[in-house]
Amino acid sequence: MTPFFLRMSRVFAKRTLNALTVLFAVASLCFVVLQLTPGDPVLAIMGGGATNATPETLIAARHEYGLDRPVLVQYGLYLSRLARGEFGQSFSQHMPVTEVLRVQAPPTLELMATAFAVAWLFALLSVMPTVRRRYSGPLASALETVCAGLPPFWLGLLLLWAFAFELGLFPPAGTRGVMSIVLPALAMGIPLGGFLAQITRESFDLALDEPCILTARARGLDDRTVRLRHVLRHALLPGVDLSAWGIGALVGNAVAIEMIFSRKGLGRELFLAVSNHDMPLVAGIILFIAVIYIIAGLLADLLRRLIDPRLKASYS
Amino acid sequence: MSHCFLAIAAVLLLLSVTGCRQHKPHKEATNPVAGGTLVYATDREPVCLDPHVHGDMPQVFVAEQFVDSLVAMDKSGKILPWLATGWTVSEDGRAWTFHLRHDVTFTDGTPFNAAAVKANLDHMANPHTLSSTAGGYIKQYTSTDVIDDYTALVHLDTPYAAFLEVLAQGFLGMESPAALLRSRDENCQSPVGSGPFRIVGWDRQNEIILDRNPAYHWGPPTALHTGPARLDRIIWRIIPEASVRFASLQAGEVDVIDSLPPEAETPAQRNPDLWLLKADLPGNPTNGTLNLRREPFRDARVREAFVRSADVSGALSSVFFGHYRRAGGPLSPSTPFYNPETEHHGDYDPDRARKLLDEAGWIARTADGIRTRNGVPLQVHIPMRSSLSASVRTLWEQVQATARATGFDVILENADDTTVTDRESRWDYDVRVGYWNTNTADVMRIVFSSAFLGPPGPQAGIHQNAASFSDPRFDQIINAALLTNDPEERKTLYARAQTIASAAFLQITTYPQSTRMALSRAVHDVRIEPSLNVTSLYDAWITR
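Going down the list, the sequences are from chains A and B. So the first sequence is numbered by the UniProt record's numbering: it starts at 1 and just counts up by one. So the second sequence is numbered by the UniProt record's numbering: it starts at 1 and just counts up by one.
Note that these hints are calculated values from the structure, not bench results. Predicted model, so just to flag it, every value in this text is computed and none were measured. Hints may be right or wrong, so weigh each one.
Stated by the list, open to error - Stretch-level coverage of chain A by chain B, calculated; a stretch enters the list once three of its residues show a Cβ under 8 Å from a Cβ in chain B:
| hint | region |
| --- | --- |
| 1 | 56 to 68 |
| 2 | 88 to 100 |
| 3 | 208 to 220 |
Claimed, not checked - Chain A residues, not near chain B, derived (Cβ > 10 Å throughout):
| hint | residue |
| --- | --- |
| 4 | 20 |
| 5 | 43 |
| 6 | 103 |
| 7 | 114 |
| 8 | 133 |
| 9 | 203 |
| 10 | 224 |
| 11 | 225 |
| 12 | 259 |
| 13 | 263 |
| 14 | 264 |
| 15 | 276 |
Here a beta-carbon is modelled for each residue, glycine too, at the ideal position from N, C-alpha and C.
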């Protein structure tokens, strides 16, 4: 039997290696995809085909951004810079990529966190009181299915129309204050909540048949306490696993939602960066998103161990 | 992705025009009041606040608030003194002497003088500034001599009669030479001008904050008042979605919006709390330029047939609800030296179009009515960039439908901007959708003369002459117009140039680009600056 710390450091080393492989693959894929898309970043930045720039200006721009070098050299430089943690200068934004991330990431993370909270809140409120209830059960289940199927951008439009345009309860646009985050967070959180609810409902249903639940009831606990204290703990695991995926989905949906609600953030920035072929910025944002994914995976894993003590044993 | 956003945009527009709520009540005021904050909302965020770098329209809209120019232009196209009190030009037209005001300082305390003029023109012409617009407009610039503190002598390598006209544009505004010494990217964040406002903050993707310059007393001669601006502060907010922008105005979240979409124009007119401010931009109007390098548009008869098969007026009344005027000639009617005789040269005439196509040999037809010649169908490929607005797309769909009636198969090909730019640089299109805003008739030299064909060869790179039109007679006239400063002679030459361009059927011209604002009734005296028709908030005041 190996000592505990050695076991843990092995797990840690394996995880780090995995994470680095993922980041390398993401960085390379990002480079290849942008190379394959037709078009010249310098022309894109300088105003497209209608640019009035002198040839000297275009040459200066190509040289400044290193775009006059062979593609393989560009790739090598790109990877070595990333390895040193240098994200470089965004061509289209005229500022360091790290600065763009520093300014644009917080509003997106805030939005994602709120949406995530909305999703779990919705899932728990919809599932816990209704599983195996004669009327409310099927009704809530149907509602969850419908919500899971809603495209976030479409839901965003509806919410915008109803609560901002018609009723005027929320501001239609912007990144100012608590009110401005409500509609976008609902638009992103409700569909994810639908998914989480569906999967939790199933595991909740199974958990209700566990012998330990029968034991709990036999001890005289009332139904609410049983559901909250015992069943939920058994039923949470699949939802926690799905959450790691859900965070990735939230990043993707943030692009459309930030555009619709004119919010500042990484999603909108990514859209602009891709349309300008701004390689350093696209790479910076994508890698940042990849890191979020990896962290979400790690957190989900940790959380599973916390919720389910049996998993701790499985490493020995 | 872009289609998804288009669909979103369309739905949003429909939704927004149905919503209608009331503005907060405001006091009626007749005398201008000082103070207050105005919130302005626009569609696109500038990529750099220094108007010399790149030079896209969103940049000049902000620049107008914080930089001044050497000269100003009034509504009739006349050039007036501003930071330069007077100027003379040498016999050969290549040396311009500017006499400058003595009492102007930039908002960082640097005095405005001849050395500042030199620093600015050098900065625009320097390739490392990456200036597309300002640098492109002064390609003729070689150097500036500082004669004394307030006299600058500017040398050009060829005579350039449109020099003063381009100097009036905010793109060529004067910035503090001390600020220009910083790196380009630093100057992009916080450029320094001598204008009525100064940049105090820029929260990317959200808003730009400008505060009043209290020392300002050198306003343009076109302004309504003198002295410092009336507003304390401008918040310049970025709201890309047109309908959301309009909804924000209706909700009272913002005071002024620009780029009002055509769908919102009627609701805005009906709303008693709002008023509209509109002006057509000078230059080459919104158009589709026909590519003469390949069939079918090598043949002038086919070009005329295509232009005459497009029912643009019909499309303008249906897609733009009749709010946009027609621009039928190569120049927008608000351009100096515009020649009204070319206005109806390419009017809708399907009968003549059919006759021309018969003459050109496109006689046979496929089963679905598309004309063919030697078995080749009469196809017109139009790349459509994803950034085009929904209404421009619908306009081209109408052209597609009416041209089909005479036997053209118009294929609208959607793609992202960089892909379309790439196809354009390789001459891979039959029609290129575009426009060129500038305050001079010299725009025709950029879009039609052979000097702007780009480098030869298959890897052609950029070219502004999208038609690939090359006519020595036209080149000679358009270049001659730059050599003379006599307005009558310029008028004659530009009129001839317009006649040649429209007779060659190089473009389907549709409507002038325009500045369209909707404003709260609490906002007064917002002005449209005449050289490029951008918003000026110098005179503006607000009551609440």
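Each hint tested on the structure:
1. With a cut-off of 8 Å between beta carbons, the region 56 to 68 of chain A has 7 residues touching chain B; three or more are needed, and the interface restraint holds.
2. Residue count for the region 88 to 100 of chain A with a Cβ under 8 Å from a Cβ of chain B: 6. That meets the three needed, and the coverage hint holds.
3. Under the rule that three or more residues need a Cβ within less than 8 Å of chain B, the assignment of the region 208 to 220 of chain A is violated, with 0 such residues.
4. Residue placement check: residue 20 of chain A keeps its beta carbon more than 10 Å from all beta carbons of chain B (closest about 30 Å).
5. Annotated as non-interface, residue 43 of chain A brings its C-beta within 10 Å of a C-beta of chain B; the closest such distance is 5 Å.
6. A beta-carbon of chain B is positioned within 10 Å of the beta-carbon of residue 103 of chain A; the least distance is around 5 Å.
7. The beta carbon of residue 114 of chain A sits about 18 Å from the closest Cβ of chain B, which is more than 10 Å, so the claim that it is off the interface holds.
8. No beta-carbon of chain B comes within 10 Å of the beta-carbon of residue 133 of chain A; the shortest separation is about 37 Å.
9. The beta carbon of residue 203 of chain A is kept farther than 10 Å from every beta carbon of chain B, the shortest such distance being approximately 34 Å.
10. Every Cβ of chain B is farther than 10 Å from the Cβ of residue 224 of chain A; the closest lies at roughly 42 Å, confirming the non-interface assignment.
11. With a least beta-carbon separation of about 46 Å from chain B, residue 225 of chain A lies farther than 10 Å from that chain, consistent with its non-interface assignment.
12. Residue 259 of chain A, annotated as away from the interface, has a beta carbon of chain B within 10 Å; the closest lies near 6 Å.
13. Separation of residue 263 of chain A from chain B is inadequate, the least Cβ-Cβ distance of about 8 Å not exceeding the 10 Å criterion.
14. Not every C-beta of chain B lies more than 10 Å from that of residue 264 of chain A, the closest at about 3 Å, which undercuts listing it as non-interface.
15. Against chain B, the non-interface label of residue 276 of chain A is violated: not every CB pair exceeds 10 Å, the least being about 7 Å.
The structure fails to meet hints 3, 5, 6, 12, 13, 14, 15 from the earlier list, while all remaining hints are met.
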